[in-house]
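There are 2 protein chains.
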Amino acid sequence: MKKRNAFYAQSGGVTAVINASAAGVIETARKNAGKIGKVYAGRNGIIGALTEDLIDTSRESDAAITALKHTPAGAFGSCRYKLKGLEENRAQYERLIEVFRAHDIGYFFYNGGGDSADTCLKVSQLSEKLGYPLQAIHVPKTVDNDLPITDVCPGFGSVAKYIAVSTREASFDVASMAKTSTKVFVLEVMGRHAGWIAAAGGLASDKKHPIPVVILFPEVTFDREKFLAKVKANVEQHGYCTVVVSEGVKGPDGKFLSDQGLRDAFGHAQLGGVAPVIASLVKEELKLKYHWAVADYLQRAARHIASKTDVEQAYALGRAAVQLALKGHNAVMPTVVRLSNRPYKWKIGEAALADVANREKMMPAEFITPDGFGITEACRKYLLPLIAGEAYPPYVDGLPDYVRLKNVAVKKRLKTEFKV
Amino acid sequence: MKKRNAFYAQSGGVTAVINASAAGVIETARKNAGKIGKVYAGRNGIIGALTEDLIDTSRESDAAITALKHTPAGAFGSCRYKLKGLEENRAQYERLIEVFRAHDIGYFFYNGGGDSADTCLKVSQLSEKLGYPLQAIHVPKTVDNDLPITDVCPGFGSVAKYIAVSTREASFDVASMAKTSTKVFVLEVMGRHAGWIAAAGGLASDKKHPIPVVILFPEVTFDREKFLAKVKANVEQHGYCTVVVSEGVKGPDGKFLSDQGLRDAFGHAQLGGVAPVIASLVKEELKLKYHWAVADYLQRAARHIASKTDVEQAYALGRAAVQLALKGHNAVMPTVVRLSNRPYKWKIGEAALADVANREKMMPAEFITPDGFGITEACRKYLLPLIAGEAYPPYVDGLPDYVRLKNVAVKKRLKTEFKV
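Chain order of the listed sequences is P and R.
Position one of the first sequence corresponds to residue 1409 (the numbering used here), numbered consecutively onward.
Position one of the second sequence corresponds to residue 1409 (the numbering used here), numbered consecutively onward.
Please note that the accuracy of each hint is not assured.
No copy labels: a pair is met if it fits in one copy or bridges any two.
Stated by the list, open to error - Distance condition first, Cα-Cα at most 30 Å in a straight line; then the derived DSSO-like pairs of lysine-lysine: (1) K1695 <-> K1634; (2) K1658 <-> K1697; (3) K1616 <-> K1735; (4) K1695 <-> K1492; (5) K1823 <-> K1587; (6) K1789 <-> K1755; (7) K1789 <-> K1769; (8) K1789 <-> K1691; (9) K1663 <-> K1695; (10) K1769 <-> K1820; (11) K1490 <-> K1789.
No lab work stands behind these hints: they were computed from the structure.
Kindly produce the complete structure, drawing on both the sequences and the hints.
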């Protein structure tokens, strides 16, 4: 059987370890050079496929591909672009087939979250519905940790580690200043729909490092009075309080707390986060000194403090995707299956994409304490293994030496252009 | 000669390495146990001295004191509390003498920034003006890097490393998203008066990792049109732009940009940072997608990514303070003296406190590029050695294992209380 080429693309928000999955795909394909041809990466995700803007990864050295394991963000560019259904936009799918056929692509590896799993599922149907032979495998990735079936999504463990470490460090800071200065510190974290990342703030506190952390989950409707009472009690008991607030927290009216309709002195609309809203509340109602931080991209790009477990899983899932393809699978996603908590043991499993696409995994109710402001022991047992281990990048001149690929374009073979 | 006890206190905003200076003081005092008695730490800085709330550091194990080298924030508590002049509040100084005499304290080590150097200078005059024999030595510390004479202030190198690393990481993130999503990323950093910390954002970009970084320094009056043109040009050329903005940036009216008089939909005042102000401008005027982050305490507490150089200097200055005391010095501060850039060589020097107190070291004009948005090669040469080397803390269960001291109180010997 003639060997065919592979297409790989990164999709949606990038993470500290998505490039480790890319390394897993490319290195495993290289090891199976007898069965798989070249790996072409889409420049800026699926847009690269639609516009025939392909990157020839065979032009990168083995060292450069290995360096992807310690390099954050999307080395080939990512995109936020969701394919429509086959019926709604047949032209997109016909274009994909045209490009894939021109470059003899028989394997489609798509590295992304829930929306991307849906795209990957649609592409997997090209084979059956449009008669083009293709195997589509989804490689899971999302800091939000909201994909079903898999024990965890690569990217999440490293964000969780960053948030847990940062919360512990900032809490030490506030504790030492609280006598005459800041008493309440507010940290805003990502997670518009699910509170997984916010939950990681709870790990900052343990028996040896007890810290009064109040978590505001998107799963729990914000209760102003209850929140203020909790913060007040913590400050009275411990001298200070740390608040970890998810960007997705909503009030009883169902609106995001961050959506306060802020205006400057001239009446112009201003962008706000939820951290300053919470800080204002603490200041106005409790008259306590505050500081606030918004981690934003820093949290998901922080390869310098990535979880070793996360890096290993991201790589293993990339490798497994190629292995599944070589076994002839289509429309599947390799998953992490947890075997035990302590010691943490896991293996690679697989899920049908039809069971993954467009389904969100929320925090289970038993992971949130009855008062709605903390994590339970069950949650701690789930989270701790995911942040275990450090996987430091190499440093040059005091800075992490992240790789930038050459990203050489594959010569176009089609005469037609495609507008995205 | 009978050996006398020492007093040590932490003052002002804490840092990732101020405890390393504490370790330098305490370990060196322990090694000179024939000449120095116990080291008593002030609980919450100078307030601990005024209220006779002293911590007996001899109750801490050698291992606990060594662990201070890898633990951020102030292990004994810090404070924002400036002593008045001797003439204005003689009672404060008489109280200090009363407490020091009761505990036979002959050495005063004060670990802080500019205001604290002033306090230390005043305390050093107790000997001469009030007839109480005391040697006062200042141990420099401030993330703002604005103390004169010393090449650098401990605490700064680690913040600089954090900002440089975070700027590089977030820029990699934005670069990979820019095709369809965020094109401008804004990071707000500390430094109300001096742009040293903002300057560190410029280190993110180098020959191997070229990144379009625009820096907004407090030393440069914000020019709206020039700024927008610069960001626009960067996005056109590179596809994206990273902005590092100091919290202290002011407009032509002399007001902080962060002070926008924000109101929510109900007209209530809201707290704002400068990052959302800059992001709003980019959105309104350039119609570009943005993200913004505010690092706040995360940057100065981030012991996990501390500069090894910074940790070593912080420790060496604590040690040097004790050595200066043993040599009979008073009213001095040990300093870092730079001997060469590459390789970076430095030694310990000393400065008279009268030359240090109440003087701010601003960024030299030749460290800022002519357009006002970047750092020069001279600045890079100055900064790079300060972020060199990593000094990772130990980890347990995926989290840094920071020490919490027992902080056992010394039995009070005075019957009188003192109100601060």
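Evaluation of the provided hints:
When the C-alpha separation of K1695 and K1634 is checked against a cutoff of 30 Å, the pair qualifies only within one copy, where the shortest distance is 16 Å, while the shortest distance between copies is 40 Å. In this assembly of identical chains, the alpha carbons of K1658 and K1697 lie at most 30 Å apart whether taken from the same copy (24 Å) or from different copies (24 Å). Taking the shortest Cα distances, K1616 and K1735 never come within 30 Å of each other, neither inside one copy (48 Å) nor across copies (40 Å). Within a single copy, K1695 and K1492 get their C-alpha atoms only as close as 51 Å, which misses the 30 Å cut-off; across copies the closest is 26 Å, which meets it.
Proximity of K1823 to K1587 under the C-alpha cut-off of 30 Å is restricted to the inter-copy arrangement: shortest distance 23 Å between copies versus 71 Å within a copy. Taking CA atoms no more than 30 Å apart as the test, K1789 paired with K1755 passes inside one copy only; the shortest distance there is 18 Å, against 48 Å between copies. With identical chains, the CA atoms of K1789 and K1769 are at most 30 Å apart within one copy only, with a shortest distance of 18 Å there and 49 Å across copies. Proximity of K1789 and K1691 under a CA criterion of 30 Å is satisfied in neither setting, with 35 Å inside one chain copy and 42 Å between copies.
In this homomeric assembly, K1663 and K1695 come within 30 Å of each other (Cα to Cα) both inside a single copy, at 26 Å, and across copies, at 25 Å. For the identical chains of this complex, K1769 and K1820 are neighbours neither inside a copy (40 Å) nor across copies (57 Å), given an alpha-carbon limit of 30 Å. Within a single copy, K1490 and K1789 get their C-alpha atoms no closer than 35 Å, and across copies no closer than 46 Å, so neither meets the 30 Å cut-off.
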